[in-house]
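S.K.: Those protein sequence lines, which keep their order, are chains A and B.
Just so it is clear: in the first sequence, position 287 is 287 by our numbering, and no numbers are missing.
Just so it is clear: in the second sequence, position 58 is 58 by our numbering, and no numbers are missing.
Please note: incorrect hints may appear among the correct ones.
[As the list claims (entries may be wrong)] With a straight-line Cα cutoff of 27 Å, these simulated DSSO-like cross-link-like pairs (lysine-lysine) come out:
id, chain 1, residue 1, chain 2, residue 2
1, A, K95, A, K46
2, A, K354, A, K325
3, B, K99, A, K325
4, B, K25, B, K71
5, A, K400, A, K354
6, A, K325, B, K68
7, A, K263, B, K79
8, B, K79, A, K297
9, B, K99, A, K263
10, B, K24, B, K68
11, B, K79, B, K99
12, B, K24, A, K297
13, A, K354, B, K99
14, B, K71, A, K263
15, B, K99, B, K24
16, B, K68, B, K88
17, A, K263, B, K24
These are computed hints drawn from the structure, not numbers from a lab.
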Amino acid sequence: MSEEKLSKRNFTDRILWAGFALAIIAAVAIGWSADKDASEANAWSKWITHTQNVLGVLEDARGNSLAALAAIQNYYQSGDLRNLDSVGDLLSKLKRQSAALRSLMVDNAQRNRVDQFDRIGRRMAALSENIIRSAPAFSPQQSIRTPEAAELSTAADQLLEQLHQMNAAEVQLLTERTDKARAISRQSLTLLGIGGSLVFVWLLIVGGYAFLTTRWLINTAKALAFSQAELARATEHKRDEDDLRALNESERRHAAQLEVINKELEAFSYSVSHDLRGPLRSIDGFSSALMEDYADKLDEQANSYLRRIRAATGRMAQLIDDLLKLAFVTRSEMHTEAVDLSALANAVLAECQKGEPLRQVECVVQDHLVGQGDPRLLRSVFENLLGNAWKFTSKTQQAKIEFAVVDQDGQAVYFVRDNGAGFDMTYAEKLFSAFQRLHTTADFPGTGVGLATVQRIIRRHGGRVSAQGAEGRGATFSFTLEVNHGGQQ
Amino acid sequence: MKERVILLVEDNSDDEALTMRALKKNNIANTILVARDGVEALDYLFGTGQYAERDTSVQPELILLDLKLPKVDGFEVLKKLRADERTKLLPVVILTSSKEQQDIVNGYGLGANSYVRKPVDFQHFVSAVGQLGVYWLVLNERPPACPGSGR
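Bound conformation, chain A alone (with noise of 0.2 Å):
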């Protein structure tokens, strides 16, 4: 998210903020002036009431008064004084009458009507009660047409004259106050109308405005999250791959710098194989066609030079042998499978007695054992430990050599046991040292290959070799093998 789009969110946030305030403000200002004309326009409505009911009493005055001229105009014709008695009953009424519209009456122009109704209603009990005091009891025509029945008369039609002009100045008073109320009602009416509409329009723009954002807001959050899944995805996946990457990488280097050492290794088995026998062969030829072609011309002195000449390159030839079997032990493949170790211990005991058919010796191999391993290596194991034995025992009278398993632990524990020179267990750690011999050549022949090349390929199989003895009383070299399908069957 760029730093401009941000800000201008910033912007736009306050105006949406103000937006919301202002609708707020324009909302309540709306209500104050409606409930404000409310309020006006109940009043007007009041003074309407008020008008309604002064017309009213207005209107029941008028009627007294129409009945109270009636009355008047028929003493006039009959002289009958029964109709001046119903004038000043219809007189008081009219009294009531105007004293209600004068509590009821506030503008001083309808007061003073007012006051003039009450003055020609006054006169007008007056006059009747002096024509009812004066005259006989059957009047004759001529007394009644009187100066004063004619002024009660006229006073009639004042008082009629005043009801009229109160009406018609609170009918435009009514009139008025309507027009008023009406006014102000549609003035309010309008004013929510429009208030209403501005403020319904802002709040939906900033309502709008408000959803956009929000759902924006929303949006760049989900993005947000799921850039950061992503990149947290992207980091894990990138930090597997590196993982992934350097280990393939270490390992690639491992397998090349393996590779290397392997080459160099072959390398140097084909040398020593190839090359270091050539000379050898060379010495032995010429000191052999030395003796040969020139026999009569060597003392005996000079033979048995050549014949030690000859002998050392046996020895060393015998070495570079076994050195290139140590090797071969090595670097080899391994294939494991089921091996019948009693087979293989009885078949390399046949071979040594074939070798020399006429040694007396007790061969003791306990049935039915079988290991797991490499069967052309544990050959190797068994040709160099049974020939050890073999060979350490020439010198022993009543030779014995065994094979056989005891359990320890649970493991299996093959040892070879014989009878012969044995060895002092404070060179033991030396027995399985290449080239490192605790009996002389002369003693008993050898290279001091053989238990170095017995460790290497005991170690290869994932188990561990040891050697028990005592000088003159025999030796015993026990070995494990790590993949074990228990020894006995």
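Keeping the supplied structure of chain A fixed, place chain B upon it in accordance with the hints.
M.R.: Okay, now just chain B, sitting in the frame of chain A:
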């Protein structure tokens, strides 16, 4: 009767001398022709180079081939002579110091008839050469289809 030649391909003069001695000691009277590298051996067999004038219808009775040779090694020589009509059936005995498995497999793979490792002990070597001579020159029947057969 044409010459019954034994072609000895050997670069080491000591080995050459000892092999000659061993052959002599076994009373093998064939002409021994020595090629001191692979190129010379091929020149002789195919009548090229220094042997351009040679009648290639006459081919050796037996080839004793060392593996480690200057210029063109024993395997290459073997491959080329097995690929040529004139020489493809010739008996070839690899006579070498090596007993590397790879060499043995390669040798037989390219069509060697035999693989013998030279013993260091000269008596053993004489014995081995004697047996080779008896076997390949006397006991063994040469392939009749082989052109240039002396018989």
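S.K.: What are the numbers of the hints the structure violates, in ascending order?
M.R.: Structure breaks hints 4, 8 and 17.
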